[in-house]
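S.K.: Sequence:
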Amino acid sequence: MHVLGAAPVIEDENGRLAESAACVEYIAQVYGNGRYFMKPGEKGYSDFLYWFHHADGTLMPALMRLYSLTGAGVSEPTNPAVKRSAERVDAVLTAMGTQLSRSN
0 MHVLGAAPVI EDENGRLAES AACVEYIAQV YGNGRYFMKP GEKGYSDFLY
50 WFHHADGTLM PALMRLYSLT GAGVSEPTNP AVKRSAERVD AVLTAMGTQL
100 SRSN
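So that you can map any letter, position 23 of the sequence shown is 22 in numbering that gives the first Met the number 0, and since no number is skipped, the others follow by simple counting.
Source of the hints: derived by calculation from the structure; they are not laboratory data. Keep in mind that the hints are not guaranteed to be accurate.
[Said to hold, decoys possible] Listed next, with one range per pair, are the computed distances between beta-carbon atoms:
hint: 1; residue 1: G70; residue 2: A94; range: 24 to 34 Å
hint: 2; residue 1: V8; residue 2: A90; range: 30 to 40 Å
hint: 3; residue 1: E10; residue 2: A80; range: 32 to 42 Å
hint: 4; residue 1: E24; residue 2: G70; range: 29 to 39 Å
hint: 5; residue 1: P76; residue 2: I26; range: 33 to 43 Å
hint: 6; residue 1: P79; residue 2: A20; range: 29 to 39 Å
hint: 7; residue 1: R34; residue 2: S74; range: 41 to 51 Å
hint: 8; residue 1: A6; residue 2: F36; range: 17 to 27 Å
hint: 9; residue 1: Y66; residue 2: P39; range: 33 to 43 Å
hint: 10; residue 1: N32; residue 2: S74; range: 42 to 52 Å
Positions of the beta carbon are idealized from the N, C-alpha and C atoms, including for glycine.
Could you build the full structure based on these sequences and the hints that come with them?
M.R.: And the structure:
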């Protein structure tokens, strides 16, 4: 188990690792021999990095703010904090939809 009780946690002969993105990258690099990750210099590398980290860096914080307010019983759409949080989630999802509509 992770020292903070966090999940996911992976463990192999090299040690124990937590944090979702770190676990995914470790598995892909170590057990997939890097074939699942783009390499610096490849076309689209910056987009790959952006979207790989988007969930943890942008999407989850926006969702968790809104979920935390709702869980605390603050869910009225007219509440300024709820309104700002809902607008942020909407903006993030709209940006994702726009990008996905451009993708092949």
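S.K.: Which hint numbers doesn't this structure obey?
M.R.: none
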